[in-house]
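Engineer: Sequence:
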Amino acid sequence: MIRLSNISMNYQGKQILENINLEIAAGETMVIIGPSGSGKSTLLRLIVGLIKPTGGEIWIDGQATAGLSEDELNRIRLRMGMVFQYSALFDSMSVGDNVAFGLRQHTTMTEAEIARVVNRKLRMVGLFGKENVMPNELSGGMKKRVSLARAIAANPQIVLYDEPTAGLDPIMSGKIDRLITSTKRIMGVTSVVVTHHMSSAFNIADRIAMIYGGQIIAIGTVEEIKGSDNPIVQQFIHGEKKPGLIARRRLKAGC
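UniProt numbering numbers the first residue of the sequence shown as 1 and each following residue consecutively.
Not one of these hints is a red herring.
Now the in silico label distances, taken between C-beta atoms and shown as ranges:
(1) Arg-178 to Glu-23: 23 to 29 Å
(2) Ala-115 to Asn-19: 45 to 51 Å
(3) Gln-15 to Gly-239: 22 to 28 Å
(4) Glu-113 to Asp-169: 33 to 39 Å
(5) Ser-139 to Gln-105: 24 to 30 Å
(6) Glu-23 to Asn-119: 35 to 41 Å
(7) Ile-171 to Glu-137: 16 to 22 Å
These are computed hints drawn from the structure, not numbers from a lab. A virtual CB, placed ideally from N, CA and C, is assigned to each residue, including glycine.
Full structure from sequences and hints, please.
Structural biologist: Written as structure tokens, this is what we have:
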């Protein structure tokens, strides 16, 4: 469904991503992990076409995005949904209007049809009957769920999540993880999730890719990542702060 071939990204003379190669299968949940500033969110913006790479090619469902006009890119974007890190809801709009926004902008659906979709998507994320509530009346977790309902309103093939559990307590984070998993199961979407929460990554991923220094240094299933012999990967997933600490422990243990 998504293929990145030798993707590089420079910004103001700084190399953000370098020779990224990544294939994500239809229906797969790919989780992208890595330190802050490693290029994870940049990767999402490249996939959705908000920015263009300085090198390499991006393919969405077999179609190369390089050289496409803005109208052509918009047609591809309509097949994607995006859940933003801080929800990015319109404060002046009700929950229902937030979920309906894309449908009103990009479809010819009637208001009655839109209302049925909004009702159905809010039910999916556990917010049935909240159509008339304003965003400032919602908790952080509820805002994330509204953002997900908006992202899936047009039945996209791909859903991109930028730090979906950021700022949430462990209980609410677990609920968001289950929503990501159930959305994939019910709708069959391909999911790309950027997160630094390893518990969430392990809960939802089919595969995990770690970006470090602008490059993918490891990719594999949850068990493969947990068992990686790369000390940088081990330091990250265990939350170690001191460089080489795990590697030195392994050496002392004779591993």
